[in-house]
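Heads up: the sequence lines are chains A and B, in that order.
The first sequence begins at 1 in UniProt numbering and counts up one residue at a time.
The second sequence begins at 1 in UniProt numbering and counts up one residue at a time.
For the record, the hints were derived by calculation from the structure and aren't laboratory data.
One or more hints might be untrue.
List time: in silico EDC-like cross-link candidates among lysine to aspartate or glutamate, alpha-carbon distance up to 16 Å [unchecked claim]: (1) K78(B) to D80(A); (2) K88(B) to E91(A); (3) K78(A) to D80(B); (4) K116(A) to E157(A).
Now the in silico label distances, taken between C-beta atoms and shown as ranges [what the hints assert, rightly or not]: (5) G63(A) to G108(B): 13 to 23 Å; (6) K178(B) to E187(A): 55 to 65 Å; (7) E211(B) to P125(A): 39 to 49 Å; (8) A54(B) to E204(A): 37 to 47 Å.
Beta carbons: idealized from backbone N, C-alpha and C, even for Gly.
2 protein chains.
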Amino acid sequence: MVNYPNGRSQSYSAVPKKQKTLTELSVAKKSAPKSKSLVAFGKRGMNFEAEINATNDYYLSRGLAVIHKKPTPIQIVKVDYPQRSRAKITEAYFRQASTTDYSGVYKGHYVDFEAKETHQKTVFPLKNFHEHQIVHMSNVLAQRGIAFVLLHFADLEETYLLPSSYLITFYYEKNGLKSIPLAYIRENGYKIETNHIPRIPYLEIVNKLCEVQ
Amino acid sequence: MVNYPNGRSQSYSAVPKKQKTLTELSVAKKSAPKSKSLVAFGKRGMNFEAEINATNDYYLSRGLAVIHKKPTPIQIVKVDYPQRSRAKITEAYFRQASTTDYSGVYKGHYVDFEAKETHQKTVFPLKNFHEHQIVHMSNVLAQRGIAFVLLHFADLEETYLLPSSYLITFYYEKNGLKSIPLAYIRENGYKIETNHIPRIPYLEIVNKLCEVQ
Chain A
1 MVNYPNGRSQ
11 SYSAVPKKQK
21 TLTELSVAKK
31 SAPKSKSLVA
41 FGKRGMNFEA
51 EINATNDYYL
61 SRGLAVIHKK
71 PTPIQIVKVD
81 YPQRSRAKIT
91 EAYFRQASTT
101 DYSGVYKGHY
111 VDFEAKETHQ
121 KTVFPLKNFH
131 EHQIVHMSNV
141 LAQRGIAFVL
151 LHFADLEETY
161 LLPSSYLITF
171 YYEKNGLKSI
181 PLAYIRENGY
191 KIETNHIPRI
201 PYLEIVNKLC
211 EVQ
Chain B
1 MVNYPNGRSQ
11 SYSAVPKKQK
21 TLTELSVAKK
31 SAPKSKSLVA
41 FGKRGMNFEA
51 EINATNDYYL
61 SRGLAVIHKK
71 PTPIQIVKVD
81 YPQRSRAKIT
91 EAYFRQASTT
101 DYSGVYKGHY
111 VDFEAKETHQ
121 KTVFPLKNFH
131 EHQIVHMSNV
141 LAQRGIAFVL
151 LHFADLEETY
161 LLPSSYLITF
171 YYEKNGLKSI
181 PLAYIRENGY
191 KIETNHIPRI
201 PYLEIVNKLC
211 EVQ
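With these hints in hand, go ahead and build the complete structure from the sequences.
Structure representation (structure tokens):
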């Protein structure tokens, strides 16, 4: 886990994390200790993104769906090519993603989603979504893809699947509001129970969405 | 364009290229000058990957399909967080992609493909495809996704769409062979005429594949 941004250099060898995801949220919340994102899931031992990745691994291994997280988009500025060694990137920057983080296929359907976490208890901040992601979701829906967001309320220990159509509607109609009320999410979304294996069984709800289509 | 690997440091600001794609091929071909990949499409002014990206932009702008190239997967080792400045990656390496480069949605269908280029004139070298990409394509087909490869013969100026099922079959049945004969590609694939806008109108063939499904 990267404590980002914290003003110092740090090494890690895990799969690179997206710049503006879970970690940023935990840092952004001023009252939260910096290591919050490391302990928030103490009971469950994984953060939200890791749980989703584990869920996708489970679905893939069982032949239920093929859904992957896209690599973090990175702007490469400088690369060294040491003799007899592999290329080494020595200067690069995180770029803003132009699409959502997860996509794949389930029974022929295109599935596309973004996963975000908050420590708020009554609302989900809209700053988690960039306008080009909203546009991307609209484009996906226009092509009859299945698009949604997975919203995790860390302190409440509640996770919801909200179809993108509701997020898009809210985004444009309530232009002045900076957050989606939890009540709106509960009314239009689906609560995901996370007690089982896989940890975040969102595919059951995706299956419902496919049937409606 | 990156001359990769060439034993020296080099700066560029374009979107990062995948480690083992077109550039590697042009470098691998010993008789070709190092700048070959820059001039091979002189007549058309773009390389194969750029043409596909332009095609996808065209499809997106016309509301015909939502298909994106995935970011290059990169293993981040070290990040600096200068005060009052954005995070700077100071050590990172290219990673092998675990899936294919392109995916998206067309009329509800999941579309997934890899694009490769060769300077060979009678065969397409199989080293362009890693086994986990073959496995990924098999997984996609099992979920009823549309999966294929776009194969560009640069010197012939011919481009083919080969459904992944034929690539997979060939890969496992002809385990000893290191290349797919052009005749096999012509017999089982679809030639794409590249004279029009968009440059590589593969969606027409995808539409046929969807109808067959």
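Between K178(B) and E187(A), does the C-beta distance stay in 55 to 65 Å? 59 Å, holds
Could one say that the CB atoms of E211(B) and P125(A) fall in the range 39 to 49 Å? Since the Cβ atoms of E211(B) and P125(A) sit about 44 Å apart, the hinted range of 39 to 49 Å holds.
Could one say that the CB atoms of A54(B) and E204(A) fall in the range 37 to 47 Å? Once the Cβ atoms are compared, 39 Å apart, the range 37 to 47 Å for E204(A) and A54(B) holds.
Between G63(A) and G108(B), does the C-beta distance stay in 13 to 23 Å? The hint (13 to 23 Å, Cβ to Cβ) holds, given that G63(A) and G108(B) are roughly 21 Å apart.
Take a quick look at whether K88(B) and E91(A) sit within 16 Å of each other, Cα to Cα. 7 Å, holds
Does the alpha-carbon distance linking K78(A) and D80(B) stay inside the 16 Å limit? 15 Å, holds
If you draw a straight line from the CA of K78(B) to the CA of D80(A), is it 16 Å or shorter? 15 Å, holds
Would the hint linking K116(A) and E157(A) be met if the CA-CA limit is 16 Å? Distance ~13 Å between K116(A) and E157(A) Cα, so the pair holds.
Figure legend: structure checked against the earlier numbered hints; every hint is met.
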